[in-house]
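Going line by line, the protein sequences match chains H and L.
The numbering used here numbers the first residue of the first sequence as 1 and each following residue consecutively.
The numbering used here numbers the first residue of the second sequence as 1 and each following residue consecutively.
Quick caveat, the hints were computed from the structure, so don't treat them as lab data.
Incorrect hints may appear among the rest.
[To be verified] Calculated lysine to any residue pairs in the SDA-like style (CA-CA distance at most 25 Å, straight line): (1) Lys195/L with Leu83/H; (2) Lys185/L with Ile140/H; (3) Lys98/H with Arg145/L; (4) Lys185/L with Asp241/L; (5) Lys136/L with Leu150/H; (6) Lys81/H with Thr229/L; (7) Lys69/H with Lys185/L; (8) Lys115/H with Lys220/L; (9) Lys116/H with Asp116/L; (10) Lys153/H with Arg145/L; (11) Lys69/H with Asp227/L; (12) Lys98/H with Lys220/L; (13) Lys115/H with Lys53/L; (14) Lys136/L with Arg146/H; (15) Lys53/L with Lys116/H.
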Amino acid sequence: MSGTPSPEELIGQWRQVMTEGMEAWLAMLTRAPQPDVFQFWMPFFNQSMAPLAQLMSQGASSEVLRFWKGFLDQGIESWAKALEQAMTSEGFAGAFGKYLNQYLGAVGPAHTEMKKANEEYLRALGLPSRTQIAEMASQISWVESRIEELEAKIEQVLAGLAALRAD
Amino acid sequence: MTEREPELQQEVLRRWQEEMVAQMKRVSNAMDLGLRPSEPDVGQTPRDLVYRKGKARLYRYRAMTPTPHPVPLLMVPNLGISRPYIFDLHPGNSFIEYMVKQGFDFSLLDWGVFGDEDNRLTVDECVVEILPMLVKKLLQASRAREVSLLGYCMGGPLSACYVALHPEAPVRNLVNMAGPIDFEKAGLFTVWMDKRHFNVEKLVETFGGMPANLIRSGFKLLKPTADLTTLSNLWWNLGNDRYVQGFKALNRWSNDYVPIPGTFFKQWVEEFYQGNKLVKGELYLGGQRVDLSRIRCGVLVVAAETDYIAPAECVRALIDAVASQDKEYVELPGGHISLIAGRQAAKVAWPTVSDWLAQRSQ
Numbered sequence: 001m002s003g004t005p006s007p008e009e010l011i012g013q014w015r016q017v018m019t020e021g022m023e024a025w026l027a028m029l030t031r032a033p034q035p036d037v038f039q040f041w042m043p044f045f046n047q048s049m050a051p052l053a054q055l056m057s058q059g060a061s062s063e064v065l066r067f068w069k070g071f072l073d074q075g076i077e078s079w080a081k082a083l084e085q086a087m088t089s090e091g092f093a094g095a096f097g098k099y100l101n102q103y104l105g106a107v108g109p110a111h112t113e114m115k116k117a118n119e120e121y122l123r124a125l126g127l128p129s130r131t132q133i134a135e136m137a138s139q140i141s142w143v144e145s146r147i148e149e150l151e152a153k154i155e156q157v158l159a160g161l162a163a164l165r166a167d
Numbered sequence: 001m002t003e004r005e006p007e008l009q010q011e012v013l014r015r016w017q018e019e020m021v022a023q024m025k026r027v028s029n030a031m032d033l034g035l036r037p038s039e040p041d042v043g044q045t046p047r048d049l050v051y052r053k054g055k056a057r058l059y060r061y062r063a064m065t066p067t068p069h070p071v072p073l074l075m076v077p078n079l080g081i082s083r084p085y086i087f088d089l090h091p092g093n094s095f096i097e098y099m100v101k102q103g104f105d106f107s108l109l110d111w112g113v114f115g116d117e118d119n120r121l122t123v124d125e126c127v128v129e130i131l132p133m134l135v136k137k138l139l140q141a142s143r144a145r146e147v148s149l150l151g152y153c154m155g156g157p158l159s160a161c162y163v164a165l166h167p168e169a170p171v172r173n174l175v176n177m178a179g180p181i182d183f184e185k186a187g188l189f190t191v192w193m194d195k196r197h198f199n200v201e202k203l204v205e206t207f208g209g210m211p212a213n214l215i216r217s218g219f220k221l222l223k224p225t226a227d228l229t230t231l232s233n234l235w236w237n238l239g240n241d242r243y244v245q246g247f248k249a250l251n252r253w254s255n256d257y258v259p260i261p262g263t264f265f266k267q268w269v270e271e272f273y274q275g276n277k278l279v280k281g282e283l284y285l286g287g288q289r290v291d292l293s294r295i296r297c298g299v300l301v302v303a304a305e306t307d308y309i310a311p312a313e314c315v316r317a318l319i320d321a322v323a324s325q326d327k328e329y330v331e332l333p334g335g336h337i338s339l340i341a342g343r344q345a346a347k348v349a350w351p352t353v354s355d356w357l358a359q360r361s362q
């Protein structure tokens, strides 16, 4: 079967796909916006699974499949280590911080405006705003704490009385 | 026809049948996951609500043995980030179920799901007000005189702070499972949250708290290939019903992120990560200095060899900091989660914790 690639060729294809993925990922890490990890890697994963499906359709023995799975896991692990090394660097931390600042700078005003608009909308409807509900929840929590303190004091007094009676 | 041929034919037929059954199971499970993604049942061990304060709930799971250990166990997990049903994932894969079957009167603190109204919650409040109250309520409910504390992840340092601030508290044992103590050794998070780069004040000012979606991104970035490994393992185990059931529950949990209240998060980043004040003895909570050398109860520290959230050396630091005579450090294979869920946890981590505590809970 000259048209059917051998397991070695399929593994070679897979290795190439993942290497390209790794290079693209590393390049994207230093740019904003940060990629969605899952969405980014999913196509590479699917591509690397295709040769495996082909092997299975060729009736590959369970040994070959186990070998493939082991190879896949080793590959993922070594890429994970390489990524970790890249992400431990000062450069990455700096780029990450810079990106976060840019993101907060962009999102912050929009977030505040949206919050304001929501509050005004709720006020117009005569409904309590999130801030007011949050405030009320804090007050309830404060009252709960005071009640607990009182309970604790009453328990102490009762314990003292019981001790006195026992004497 | 050789003598062995009929035998071989039988063997081939048997293996073919096995393979067909396995393949059908794979297809059925794959369709189930893809087309009918049912919500897995989690947290099924029977429990009672013992106490509530704000969002926090204290649940008690009664021992399932005729003669329970007299010292109850209180588990303090991380605050925010993820939900505590990971400790009671599903029958047969539940830390809580395992512990109650080992005779422990087990209580779990559920910090709750935080909203804007909780953004003023502080580390001080958690350690100085909530934890002492929980210990008191647990002692009342179980009619015991002492408790053992088990801190997991962020719950580890919080529990250690509580015991250090209250050395007179009725705490017989303290177990720190994967809880960071020396934050200079906390791996990638230490690097990323360096004060030169990470502006926590701006983040909290913008969102009020640490939003769940940003926590998700941070954790996904910590191990970008984790999803690949998960998918690869799922693909390989699609024919295994038990594995698929476990995957569903764990997958639900691992995508269920919880925000962290703003003030708490800011304090956590600035004082624990950036200042590393806990291990330096420079942390003040409720106006008192937290001195880990005031801890004298029995201490067990459990770290995971490949934990990238709380690396072993950062967890281990508690052992050197406490003054306890009875202290032990164990480093187990696996990562942060494999200490509390999964096959490895059930085989190694849970028995390690249970055996150590059982000897000290009489």
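Evaluation of the provided hints:
no. : hint                   : result
1   : Lys195/L with Leu83/H  : 23 Å, holds
2   : Lys185/L with Ile140/H : 40 Å, violated
3   : Lys98/H with Arg145/L  : 52 Å, violated
4   : Lys185/L with Asp241/L : 39 Å, violated
5   : Lys136/L with Leu150/H : 15 Å, holds
6   : Lys81/H with Thr229/L  : 13 Å, holds
7   : Lys69/H with Lys185/L  : 33 Å, violated
8   : Lys115/H with Lys220/L : 28 Å, violated
9   : Lys116/H with Asp116/L : 15 Å, holds
10  : Lys153/H with Arg145/L : 20 Å, holds
11  : Lys69/H with Asp227/L  : 15 Å, holds
12  : Lys98/H with Lys220/L  : 19 Å, holds
13  : Lys115/H with Lys53/L  : 28 Å, violated
14  : Lys136/L with Arg146/H : 16 Å, holds
15  : Lys53/L with Lys116/H  : 30 Å, violated
Hints 2, 3, 4, 7, 8, 13 and 15, counting from the list given before, are not met by this structure.
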